[in-house]
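**Student:** Sequence:
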Amino acid sequence: MSRRPVNPARRFADGASTPFGGSLHHKSRSSSLLPIGLVVVGALLFIGYYYSGSGGGSNDAEVVSKVEGCAYGMESLDLDLFVVGELSCTSELRSVIPILKKAYGDTMHKVLHVGPDSCSVVSTLLKEEDIEAWGVEPYDIEEVDAPCKSLIRKGIVRVADIKFPLPYRPKSFNLVIASDALDYLSPKYLNKTLPELARVASDGLIIFAGYPGKQKAKAGEQSKFGRPAKLRSSSWWIRYFVQTGLEENESIIKKFEQAAEKKGFKPSCQIFHLSS
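Add 30 to the 1-based position in the sequence shown for the numbering used here, that's all there is to it.
Bear in mind the hints are in silico, worked out from the structure with no lab data behind them. The structure presented is a predicted model; accordingly, all values stated were derived computationally and were not measured. One thing to keep in mind: the hints can contain errors.
Here are the computed lysine-lysine pairs in the DSS-like style, where the Cα-Cα straight-line distance is at most 30 Å [stated by the list, open to error]: (1) LYS285 - LYS296; (2) LYS222 - LYS293; (3) LYS292 - LYS222; (4) LYS132 - LYS293; (5) LYS201 - LYS157.
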């Protein structure tokens, strides 16, 4: 957090008026240089403090991330903090559904999506043959169109805080897909939410997460999500998955990469395929 710099010249000038004003005429020539020397030293100290204390946004981000990591017992994690608005991962998810079907095959039957714009994701999934879909919208929906109202009224899409237990029985779905949701959770709440996603999935989890530095902020979007996003590196996520007992599904990863290559798809978001 930047601090409002204090003008050292003003500070020392104000302080110098009282202790030195009445005695400067009674001092020697060398002693008369003392106030000037103090001002110069103060200015140098101020400049050094300014550049060391606010040396750029990236240093501030590293400090914030290390403090949060220590608070939750995850010291020295390379977590980059960026304030972002609406991420592109949910729209990317909609575009790669055919590729996911190629990779997962018959496993992609009962699917739960968790994240913003869940109505649109569920609608896209329901258009695919042999896929049943449900959704959890973790944020308040301000404007709802008629199709989305219908999905909510039928209980297919629910608006629920994902920091609390999901309203589903264990292994209710083959796959659980989360997009633009986990980026907004601190490690404290990730420790609760990620096991919940695994609990309701019988075959696997698919996590879409933003890349640090690739998504940019949009004014006014932070109020929608309630907090700035924390975009973590792939190494951070992999270490976190290991700590929570989740493993990447190497077989599915290969199938997904092969299908993506044939379609010429290059992801803009990080995509993790986990065994539940």
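**Student:** Which hint numbers doesn't this structure obey?
**Tutor:** 2 and 3
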